[in-house]
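A.B. asks: Chain by chain, the residues:
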Amino acid sequence: MTLLTILFDGVAYGMLLFVLACGLAVTLGLMNFVNLAHGAFAMAGGYVCAVLVNRSGLPFFAALPIAFLVSAAVGALLERTLYRHLYSRSHLDQVLFTIGLVFMSVTAVDYFMGSSQIFIHLPDYLQGQIDIFGLGVGRYRLMIIVICGLLTVALQLTLAKTRFGSRLRAAVDDPRAASGLGINVPQVFALTFAFGCGLAGLGGALGAEILGLDPYFPLKFMIYFLIVVTVGGSSSITGPFLASLLLGIGDVAGKYYVPKLGAFVIYTMMIVILIWRPNGLFGRSAAR
Amino acid sequence: MLRNFISATLAAGVLSWGATAQAQEAVKIGLILPMTGGQASTGKQIDNAIKLYMQKFGDTVAGKKIEIILKDDAALPDNTKRLAQELIVNDKVNIIAGFGVTPAALAAAPLATQAKVPEVVMAAGTSIITERSPYIVRTSFTLAQSSTIIGDWAAKNGIKKVATLTSDYAPGNDALQFFKEHFVAGGGEVVEEVKVPLANPDFAPFLQRMKDSKPDAVFVFVPAGQGGNFMKQYAERGLDKSGIKVIGPGDVMDDDLLNNMGDAALGAVTAHLYSAAHPSAMNKEFVTTYKKAFGTRPGFMAVSGYDGIHLIYEALKKTGGKADGDSLIAAMKGMAWESPRGPISIDPDTRDIVQNIYIRKVEKVDGELYNVEFSTFKDVKDSGKTKK
Numbered sequence: 001m002t003l004l005t006i007l008f009d010g011v012a013y014g015m016l017l018f019v020l021a022c023g024l025a026v027t028l029g030l031m032n033f034v035n036l037a038h039g040a041f042a043m044a045g046g047y048v049c050a051v052l053v054n055r056s057g058l059p060f061f062a063a064l065p066i067a068f069l070v071s072a073a074v075g076a077l078l079e080r081t082l083y084r085h086l087y088s089r090s091h092l093d094q095v096l097f098t099i100g101l102v103f104m105s106v107t108a109v110d111y112f113m114g115s116s117q118i119f120i121h122l123p124d125y126l127q128g129q130i131d132i133f134g135l136g137v138g139r140y141r142l143m144i145i146v147i148c149g150l151l152t153v154a155l156q157l158t159l160a161k162t163r164f165g166s167r168l169r170a171a172v173d174d175p176r177a178a179s180g181l182g183i184n185v186p187q188v189f190a191l192t193f194a195f196g197c198g199l200a201g202l203g204g205a206l207g208a209e210i211l212g213l214d215p216y217f218p219l220k221f222m223i224y225f226l227i228v229v230t231v232g233g234s235s236s237i238t239g240p241f242l243a244s245l246l247l248g249i250g251d252v253a254g255k256y257y258v259p260k261l262g263a264f265v266i267y268t269m270m271i272v273i274l275i276w277r278p279n280g281l282f283g284r285s286a287a288r
Numbered sequence: 001m002l003r004n005f006i007s008a009t010l011a012a013g014v015l016s017w018g019a020t021a022q023a024q025e026a027v028k029i030g031l032i033l034p035m036t037g038g039q040a041s042t043g044k045q046i047d048n049a050i051k052l053y054m055q056k057f058g059d060t061v062a063g064k065k066i067e068i069i070l071k072d073d074a075a076l077p078d079n080t081k082r083l084a085q086e087l088i089v090n091d092k093v094n095i096i097a098g099f100g101v102t103p104a105a106l107a108a109a110p111l112a113t114q115a116k117v118p119e120v121v122m123a124a125g126t127s128i129i130t131e132r133s134p135y136i137v138r139t140s141f142t143l144a145q146s147s148t149i150i151g152d153w154a155a156k157n158g159i160k161k162v163a164t165l166t167s168d169y170a171p172g173n174d175a176l177q178f179f180k181e182h183f184v185a186g187g188g189e190v191v192e193e194v195k196v197p198l199a200n201p202d203f204a205p206f207l208q209r210m211k212d213s214k215p216d217a218v219f220v221f222v223p224a225g226q227g228g229n230f231m232k233q234y235a236e237r238g239l240d241k242s243g244i245k246v247i248g249p250g251d252v253m254d255d256d257l258l259n260n261m262g263d264a265a266l267g268a269v270t271a272h273l274y275s276a277a278h279p280s281a282m283n284k285e286f287v288t289t290y291k292k293a294f295g296t297r298p299g300f301m302a303v304s305g306y307d308g309i310h311l312i313y314e315a316l317k318k319t320g321g322k323a324d325g326d327s328l329i330a331a332m333k334g335m336a337w338e339s340p341r342g343p344i345s346i347d348p349d350t351r352d353i354v355q356n357i358y359i360r361k362v363e364k365v366d367g368e369l370y371n372v373e374f375s376t377f378k379d380v381k382d383s384g385k386t387k388k
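First to last, the protein sequences are chains X and B. With our numbering, the residue at position 6 of the first sequence is 6, and numbering never jumps. With our numbering, the residue at position 287 of the second sequence is 287, and numbering never jumps.
Everything labelled a hint here was simulated from the structure, so no lab data went into it. Treat the hints loosely; a few may be bogus.
What the hints assert, rightly or not - With a straight-line cut-off of 25 angstroms between C-alpha atoms, the simulated DSS-like cross-links for lysine-lysine are: (1) B:LYS195 with X:LYS220; (2) B:LYS333 with B:LYS322; (3) B:LYS378 with B:LYS333; (4) B:LYS245 with B:LYS195; (5) B:LYS292 with B:LYS364; (6) B:LYS51 with B:LYS92; (7) B:LYS245 with X:LYS260; (8) B:LYS180 with B:LYS156; (9) B:LYS180 with X:LYS260; (10) X:LYS260 with B:LYS214; (11) B:LYS180 with B:LYS195; (12) X:LYS260 with B:LYS161; (13) B:LYS161 with B:LYS361; (14) B:LYS195 with X:LYS260; (15) B:LYS161 with B:LYS214; (16) B:LYS318 with B:LYS65; (17) B:LYS161 with B:LYS241; (18) B:LYS361 with B:LYS180.
Modelling step: build the complete structure from the supplied sequences, incorporating the hints.
C.D. replies: Below you can see the structure in the form of structure tokens.
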């Protein structure tokens, strides 16, 4: 029974990691842009949701899409004004620029929202546990699994089946040929980037309850996002998804069964996987 | 060697000369606090409380004008040291005060000794601090004070088996060690001991482990910000319904955060020096004026800052405005007064605070959550001092 509870918690945690990190997989893997400020967009979503729910009294489920939209809008704005100038620059420039953004976001949020932890007031029906065949299942975690599961399917379908998905893949594989075919490459990238930021924002809003939310969020979780993307490989959505699940379950199980080593399990897993497959679980070798 | 000695003597001479020259007009207090960063709420509370005190009692004492110079060290000891040095050498302050975390207080200690400037510690809580310089006085608390008391109380009040969950850093380990010593000596048993990494995103697996070890209570100490997260997940996992109590030192249930935690925090029993619900006329006035001025309730950091500035005022009154380090420290030793937290005094031997520790339970009062005190341990000294 405990095993199942651990499994359930691990899956929920993994799903959450996935939604938080998959936007990064898109920018890093598809657009070949190192965006360390990804967590800042997640934090933005979290704070938007918290303000809407706590101060304006909006229902939690209404605040989630708004958190997505606001983060996406901020992402689109920054992409148009700042990020696009860095696409052709070296990775070091991108790292330096985005880490600067992280520090600016930390200070800005600290200034406007204060440095203490924020909790989003959840509706009663999302609190506590329900009993499913004797297994205590946290309602909030169940909701995370449902939302994130649906989102993953939708993402995969969008990338694989839609017109936009094929344009994006074309733009990534060969931007010159794609624009020759009449695909507006900058626009495709801008949309994709905004969408990735939106996902991060949604992840931040969903994760605030479990991970906590304070101005240091982007710094605290940067390492987790990077682990997910490195382990999963960044050429598809499936890779980061499976990696998130694996790491989530591994992390939770490690902390439960060997609490003395618990914090290191996730790093050990990363090292072992990367020795075995240096490009990540589903990574293709660096072609570009 | 000789040259070093001469320059040091000269520097000290210049320093003390500077200090007396300054003392004619004003008494300067260099206040070093974390005003930004993860510890900013500590800094803000102390700064607020000092402002409040000076509004109420004026900025002149024993014929001297009190001047506060506030510096932000963001809780980084390197900054603290540099700022303390600047304050002492350039601004010629008579007193340094504040210090949000232990490393910061320790970083300034050698400077206090060298320049003979009193260091009034208003937050940092490990036992060793006051032993690091004869010029250090503390008005906050030590972790040993609250952790030993909750250990004694739990053992005497029907709690036999306890699982502990503490953050894996110095204060967490201190809290665990002091609690365990007293709880086990009182006949209790620690059935599960989990140290949580400091940067821990999710308590779920650790809480599941707590639940499965079926204790009577969980002893918890995590950094103030994480307390809310812990309580929420504790309730989410149904630990409250399986009758497992939450006990611990009161940092986790700081008044600053308590109200945002939601009903998950109800029923938690903690031992601490201060609650905004402390039933004295003095405290009621303190809480009301603080709320009116800053829009939030004061927490234990605010009261520590309030008492810190009070100590400085009273010491100056006693010395008749003489503001050199030795006279001030001598005046501060043994001083006793009534604070919003109750009666307190400064132990003349250790220069550390002696205070009542209250056992409190989180209850709903007028729709808000408060730590309601129900038992008092009188005049608790710090038991963590090195045995001599």
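A.B. asks: Taking the hints in turn, state whether each one holds.
C.D. replies: Here's how the hints hold up against the structure:
1. B:LYS195 with X:LYS220: The hint holds at about 19 angstroms.
2. B:LYS333 with B:LYS322: holds, 16 angstroms
3. B:LYS378 with B:LYS333: With Cα atoms ~19 angstroms apart, B:LYS378 and B:LYS333 stay inside 25 angstroms; holds.
4. B:LYS245 with B:LYS195: holds, 19 angstroms
5. B:LYS292 with B:LYS364: Satisfied, since the Cα-Cα distance of roughly 21 angstroms is no more than 25 angstroms.
6. B:LYS51 with B:LYS92: Roughly 21 angstroms separates the two Cα atoms, so the pair holds.
7. B:LYS245 with X:LYS260: Given pair B:LYS245, X:LYS260 holds - Cα atoms ~24 angstroms apart, limit 25 angstroms.
8. B:LYS180 with B:LYS156: holds, 14 angstroms
9. B:LYS180 with X:LYS260: holds, 18 angstroms
10. X:LYS260 with B:LYS214: Cα-Cα ~19 angstroms, so holds.
11. B:LYS180 with B:LYS195: Within the cut-off at roughly 14 angstroms; holds.
12. X:LYS260 with B:LYS161: holds, 21 angstroms
13. B:LYS161 with B:LYS361: Roughly 19 angstroms separates the two Cα atoms, so the pair holds.
14. B:LYS195 with X:LYS260: holds, 7 angstroms
15. B:LYS161 with B:LYS214: holds, 8 angstroms
16. B:LYS318 with B:LYS65: holds, 16 angstroms
17. B:LYS161 with B:LYS241: holds, 17 angstroms
18. B:LYS361 with B:LYS180: Holds: B:LYS361 and B:LYS180 sit about 21 angstroms apart, inside 25 angstroms.
When the structure is compared with the earlier hints, no violation turns up for any of them.
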